[in-house]
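Colleague: Chains R and V, in that order, give the protein sequences.
Using our numbering, read the first sequence as starting at 1 and increasing by one per residue.
Using our numbering, read the second sequence as starting at 428 and increasing by one per residue.
The hints are simulated quantities; they were obtained by calculation from the structure and are not laboratory data.
Keep in mind it's a predicted model, so treat the numbers as computed, not measured.
Fair warning: there could be bad hints in the mix.
Stated by the list, open to error - Residues from chain R that keep clear of chain V, each with C-beta distances beyond 10 Å, as calculated:
1) Asn4
2) Phe309
3) Glu357
4) Lys366
To be verified - Have a look at the derived ranges for each label pair, beta carbon to beta carbon:
5) Phe53/R to Gly918/V: 46 to 56 Å
6) Val905/V to Arg181/R: 42 to 52 Å
7) Leu329/R to Gly665/V: 46 to 56 Å
8) Thr757/V to Leu329/R: 17 to 27 Å
9) Val905/V to Pro52/R: 16 to 26 Å
10) Leu19/R to Leu926/V: 13 to 23 Å
11) Leu184/R to Ser805/V: 51 to 61 Å
We treat Cβ as the ideally placed atom computed from N, Cα and C, and that holds for glycine.
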Amino acid sequence: MAGNILFLVALASIWVMLLYHMFLMLGGYLHSERMERLKQKPRPKRADDEWPFVSVLIPAHNEEIVIRYTLDAMLRLDYPHNRIEIIVIDDNSGDSTGEIVDSYCARDPRVRCLHLKPPHAAKGKSNALNQALKIARGEYIVVYDADNTPNSAAVKHLVEAALDDPKAGAIVGKFRVVNARKNLLTRFINIETISFQWMAQAGRWHWFGISTIPGTNFLIRKSLIEEMGGWDDKALTEDTELSIRLYDNGYHIRFYPLAVTWEQEPETWRVWLKQRTRWARGNQYVIMKNLPRIFGRWKGRIVFDLVYFFFTYFIFLGAVILSHLLMLLNILGAINITLPGPFLLVWLLAYILYIVEIMVTLAIEKTELTFRNFLILSLMYISYSQLWLYLIFRSGWIELRARIRHDELKWDKTQRFQTKAAKDYSK
Amino acid sequence: MRVKRLLTLVILVMIGSAAYGRLYPLAAVMQPAQGASERGEGRVLLMYNSPEPSDEVKVMEGLLQHFAVKTESSHSANIGDLYLEDYDSIIFFDSGRNFGSDPEGMNRMIRHLNIPYMVFHSGTVDVSFTGITLEYRDEVYSTMPIRVAPVEPHEDGVVLAAVSDGREERPLIVRNGDGWNVYGKLESGLVSWIIADVLHDFLGEHHAERHKGLYIVHHVNPLTPPEQLRKLADLLGGRSIPFAIVVEPVGRSPDRDRLYAAGDDPEWGEAIRYMVEAGGTVVLDGSELDSLEPKELANRIDQGIALLYEIGVYPIALYASQDTVHRLQTAPEHADFTTTLEYSSTRTDGSRSADIPYASAAADDAIMYPASIGIAVSDAAASQMITRASALLLVRDAWLGIGLDAAQPYELAEYVVEHFREEPILWTDIRYDAHKVDAGFIRVETGGDGLLEVQMLDKARALELVRIDRNSNVFGTVTYYSTWILVAVVGTFVVLFTLFVVLMRLRRRRRLFSEKELE
């Protein structure tokens, strides 16, 4: 009996999430169709002076490998030169990042350099952004990570979307993986990022008018971020945290995939594990910070999204582990699941649904619907996806240990790789 | 036993009082059945020289339970530690391989003891000879293939049974004074029945030579139509034939896997009580619980008793495989049944039968009735059952458990009953044996006078058991429908998404997100 109940709990918890994602996928597809139609419409002509002033913020800490490509891409942005400033925050870099940035500042008036030194430096991305915010002159703030090479029209798309939608506190663009073809890991990540954006971001935007700031390639009104007191220094994932505060202030975040940037993803499992552990810890921090709201008063759509995060990081993954455990115990004969139903078919459908959903997201991108990606995707279910279980456990354990020891929050910068493609895709 | 709260409710039920006058004169039926002995209680030693006790040894142990003897088993290598003089008879299974013993030397030693001994030459059977008929007590029986050892009969021995392949006849059992040699294996079917009969002479225990029998109505569960149950009750009760009703208190529908409990349909409960009044004795069905672990098995048995109590009937025996009966006894807390109806094998058609051809007294006050000749689950099974029954009658005091199937058309049961009407079988009413069921929360007892004493010791426990069953019913049904709805919804979306992929592939040239090919 206990085995039956646990089995049902696991089954229900898993399928609540799978059905929700299925629903999101439908929304994502419909949103992509809407974007297709929007692309066909001519964009309104604006004189250079009619474009609002934009400050592009680029936090950089030891980014000598990639910063040059990033700044080259920034200088190629299709935006009136007198209406944009590019503030590069050299966050106490120990390599030649500062010198490279200085050379660009000297060469082009649009580029401004901000060198942070202790005690105001090396405290994480939020701190760097807050320091730059103090000197930013733009009506809008656009943020890019130091490894990003946006398409030349990216900033114009973000600004246009903001002008069209006064209730939008932030506009989120789409990011693609620049080193996607490097190895199996980057291929996995490429599929993961595409499916995340078209399923979770576009789907939630389509149905509920919700999306989450991904940390790069987004625009936020300067007045708003100032009003909210800037970025949260304590958050490891300042983007998720900021998203929730924006919704709390009555704004929404618009997903606008016409604004595209290319970013570098980890090429080794060690770097991947480190980066994703930080993300997981950051998201767990946001969930725990807002947990009382989930079980307390219901305010706004974002609570719905918090429940989603709570389910993803705790209930769903817990249920997957429970399901694995029950399967093992059943094989060993320790428990006997006697419930009637087509459970083998249900499991098979879960796998098919996983593949078909992601194939839809890949089909939206012109270059990604390939047989090779289909094979990688089939493998992903039993390999890359399962690694998340370990990752969540790891991050949970590290967070618990940090709280017990009262460890100071430490920002782990993601290691960059020399990628030829980095300079090619921003053109 | 678990008696948490004592709520004693004594119910004296005079079972079948209305039908009592129509029953067989039971005093005549109830002979000192399960093993009266002319020699008093003897000791029998079973010896074997295979590494472990073979199935033959186990079958023999089962057969010997019919007699008033104590049985001990030992490997022949331990012969030096035994006082052979203390035994009244010895049975030796010679596997033909010398596992630490000297069979010939041991045979010589046993012969000098001047006690009856029986040797099974199982290890030397000749696979090139296939017996198809078997002769015993001047009757010839067709049989499944039998293999026997190529041994000439002893000069002064008496051949008790012989096997023929149509051209050659070979002895199967030869008696020479105290020595009884069996040149075949103690296999299920005819050979074991002949041995079962021979054992009376071997042990010198001569039971009354009459055949007894009991109709056992199987597959009675809450899904069995009440009209069918009433018709079967009339079929047997109308002929004053007592019978056992093997009741499964929880039924599972074949199409939807939904559970139905005994108390769900008052009309069904009424039909069961009607059967009891017509001469039926309620036996709890444990045949569907073969795969359960001891603890769960014990719980399901308790649940079955509670569900039957709820509809006002009380099981006095358990119907289960020999294995399940043994497994139940290993559970830390379990219902004790002094009486069981047991089977040892299940056929592919779902019919079951037992190797033991007579009732046996397994332990103090314990009775095992064999469900011996199978169940009429089809026309073919009924024919096989009749053939099997006629062969079983070679055992002088055979006990025939004749299975009727409540799930089969009434006419099949009628055919079987009409057939056995002509056979010299004395129908046993097991209500007039002594039985006791102690499940902790309830105790059911009868002293052989037809009166049933029921003591409810823990009503809360009984209610809990019944409630669990009802919950699982809803639980299973909801789960079943929910998962199929899930399959339908997800299947639809899978098709829809596949169409999206195809559609986008066809419009690929016009796709919006047409970034350059990556390296």
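Colleague: To test your reading of the hints: which numbers does this structure violate?
Modeller: 1, 3, 4, 9
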